[in-house]
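Residues per chain, in single letters:
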Amino acid sequence: MSFDYGDFSYASKAEMLEKSREFWNPGKTDFWVDAGVPLVIDRREEYYLYDMSGKRLLDVHLNGGTYNLGHRNVEVVQAVTAATAHFDIGNHHFPSLARTALAEALVTSAPPGITKVVYGSGGGEAIDIAIKTARHTTRKRKIVSIIKAYHGHTGLAVATGDDRFSKLFLSDQPEEFPHVPFNDLGAMEEVLRGGDVAAVLIETIPATYGFPLPDPGYLESVKRLCERYDALYIADEVQTGLMRTGELWAITKHGICPDILVTGKGISGGMYPISAVLVTERAAGWLTEDGFGHISTFGGAELGCIAGLKALEICSRTETRSMVHYISDLIGRGLREIQSQYPDWFVGIRQHGVVIGLEFAHPQGAKFVMRSLYENGVWAIFSTLDPRVLQYKPGILMRPQLCEDLLDRTEVAIGQARSRLPRTDRHTSPRLRTAVPA
Amino acid sequence: MKEATSETAGVPRARQMLELAGWAAAAFARYDRASVMRIAEAVARVAESKAEHYAEWAVRETGFGVVEHKVLKNQLCSRGVVDAYRDHDYVTPRVDADAKMLEVPRPAGVVLALTPSTNPVSTVYCKVLLALLTRNAIVVSPHPFAKECCADAARALGEAAVAAGAPDGVVQVIDEPSIPLIDALMTDERTNVIVATGGVPVVRAAYGSGNPAIGVGPGNVPVLVDATADLQRAAEKLVASKAFDNSILCTNESVLVVEDSVADRFVREMERHGAHLLTAEERDRVRDVVFPEGRFDTTTVGKDAATIAARAQVRVPARTRILLAPFDSAVDEEPLAHEKLCPVLGMVRVPNAQRGIRTAVAVLRIGGAGHSAVIHSRNAETVMAYAAAVRVLRVAVNEGSSTGSAGFGTHLAPTMTIGTGFLGRSSLGENLEPKHLVNWTRVAYSTDPAEVLPSFEGMVPWEAPFEAVPPYPMPSNATVSTLTAMSSNGAGSGDGGSIELREELRRLILEELTAIVRG
Ligand SMILES: Cc1ncc(COP(=O)(O)O)c(C=O)c1O
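Chains V and S, in that order, are what the protein sequence lines are.
Be aware that the first sequence starts at 1, since it is given in the working numbering, and climbs by one per residue.
Be aware that the second sequence starts at 1, since it is given in the working numbering, and climbs by one per residue.
Calculated directly from the structure, the hints in this document are not laboratory data.
One or more hints might be untrue.
As the list claims (entries may be wrong) - Derived list of chain V stretches under chain S, where covered just means 3 residues or more per stretch with a C-beta under 8 Å from a C-beta of chain S:
(1) 343-357
(2) 393-406
To be verified - Not the full set, but computed from the structure, chain V residues with beta-carbon under 7 Å of chain S:
(3) 75
(4) 213
(5) 216
(6) 246
(7) 252
(8) 253
(9) 316
(10) 319
(11) 323
(12) 325
(13) 326
Said to hold, decoys possible - Just a sample of chain V residues kept apart from chain S, beta carbon distances all over 10 Å, derived:
(14) 96
(15) 132
(16) 139
(17) 140
(18) 189
(19) 221
(20) 255
(21) 295
(22) 412
Quick reminder that beta carbons are idealized off the backbone N, C-alpha and C, glycines included.
I would like the entire structure built from these sequences, with the hints used as guidance.
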């Protein structure tokens, strides 16, 4: 069987992997083969991925919500395809039709107070924009984030995250980027007390850390602390936004109107990369002072904006909202049932809508489960920064039968993973390095 | 570019309605009978309380019919329907001990309801209630002429259903129906059954969709008055029925066939009740107005007798309710022998009952096969002969057909959807009722006498929902206070948030209490 993709082709999957190692990224390529997930995504549709071997996988990784609406969502594809007859990326220097239209839609959809939109081409860039915006607004430098946070790998964003990624490139900047433990208000107040913090950057539910849920009242208190010490609150809603918690933006469920809200991934339906930073009037000053302050050729590429308009419209539908409520209820009940069968192994469910983390009683537990799930036709990823926890992220348009099928497969896989645990050696990790952000 | 995309605009979202309806139907199919009846009763109450409101709206929007008659239809299709089925059970499994069989009901799932412009809101009422009584979700696609009143009514019923505990999305409605959109929904595999009431093309399309469908054909109702009839009573019933809602129902009488010996007396009786007998010349002018060049003019649909008379320049007494248009023989080329949907009643005199039966058969050959017919007679043999001869599936006897054939004033099933059966190219031969929207899984035990049918006494696989369906998503570490806060913060907290909140609170408090008790 050969693999012909038109302008390129491979004789076999083995040849493809070899070339991937040779020309692209040997570390990543080997990692997945070693992890028992030798996935090379070929065909993709709805919530399914197909490996080059033809193996079908139900996708509950969704690239962190990029495929919230499914792969190649028909409506988004249609919108983008139609738009290519008229638009391209556009010229970022000029007022732009599609950028403006999406900006207006985003502002309309956003929590109260948001008045303007700045575009990037990916989540990391958007985080960088948010940080720069906060610094400009407050005339302060420090950005506080959570230990084990993940906000992307661009110049500023990388410094807000785990030092594994910043130190590699000598990009850690501990003085300007203090990290505090999640759910620790004392530590948060401590770091803010000096009054020299420009912003607290925080995911509404930290994804790559395995979706630990904010303690009741935690985020609300952080917001109050920000107000007290004159720091901006930047909500990273890259993974928690777009209806995944049953409201368009998860932060609104906390009654918080952030100064800055960052969205990416699913915002353009997985069809054309853009990201967006939603800012309040207070933070929007530089857009008037020097509109060229942040320049990004691909930021808010017009085709991406058209994808974004459609994706935002789909996410905002009352039908979608109701479906998310149904899905999270069905999946939640199903998971609790599975948990009751393996209480000593499947020890926790962290769930808010379809943002879900599954905790296992082994330091690398989620990697075992990930592998078993893969064998059972489901693709879900462990949490890089807490590999006990599997990220389990069903799409927001899942059909009832797809959800039931997912639960059946999950039940089998969790049982299998448990039976494969190296009993003798519970605390040594399997031969897997923690490698990927979600 | 706009043109290229606008053609399919609305279709994907409408498909998503079916998807949501599927979720709602799956949840609803687990409800117990008490919950189902509570929901149906609540919806019927709201529907009935708005009977006038929607009757006025429908007449205003469509220009068809008579407000007070639409009020009556709306009442019959709300309280009337629930009254008729209150004592039926489409939910609880049943045992047929003799047949050694357990039967478990299976709702259709997602019902796609196409509703007409003629009986717009009453049909919406009726179909929504039939769906709810059988634990189905329903997506209503109203006729474009009546889309606003129907959408509003469907929405009001849906809100009432959810407020009474039904799953969210159980009743949905298409705001902007269009042919490509309806076609997309009819052929979508998420549609479990189409219930099509409307014109021939839409019904044929329903049957052509590849999905299970219940569609009904048009009527062309003959009414035979023989010499034995109670003329006074028959005249009163017939005029009232023909005038009802300006004759817009498919069950309205179309052609009167009357025995010569009593015809003059009968016409006089009818005149007393507001019929106006047209002269031959007036008849021709009315024919030209209703069927210009032999083709039916839809602008006469549901207009009153005075309006039609005025258009035909016929002077009629002020209290005229129907126009009586005599003609000689019921043949295809006589326009007045066809369905009229306005208060013009064709009239053919016949020498005897025998000939009258043949004339009624001829009327039905022209149109309305499988639909309805009427006879006013006190002779059982004539009734039997008539029933055996006319190619219809219901014959109202000594009753007006408008409501009688629709199950109001007779013991037929009360409905706005009249099955025309195999005679009328339909899969449904009865008046549509709840039972048509539910299948039963038959659990059959061996006939071997050694195999005993166990008692299933007290076993009900369904239950009452104990919170909003679906529950509002809360973080799994929520406490009562987060809950209160989040439910009121939720962007959409307006829509039923308070009920959700109350239910969620109850659940959480319970959970916390149990945790405390357990220590
Ligand atoms: C919460 C969060 N923020 C930011 C990012 C960075 O996005 P990108 O990879 O598009 O730069 C990610 C990516 O995983 C993320 O999960």
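Violations among the numbered hints = 9, 20
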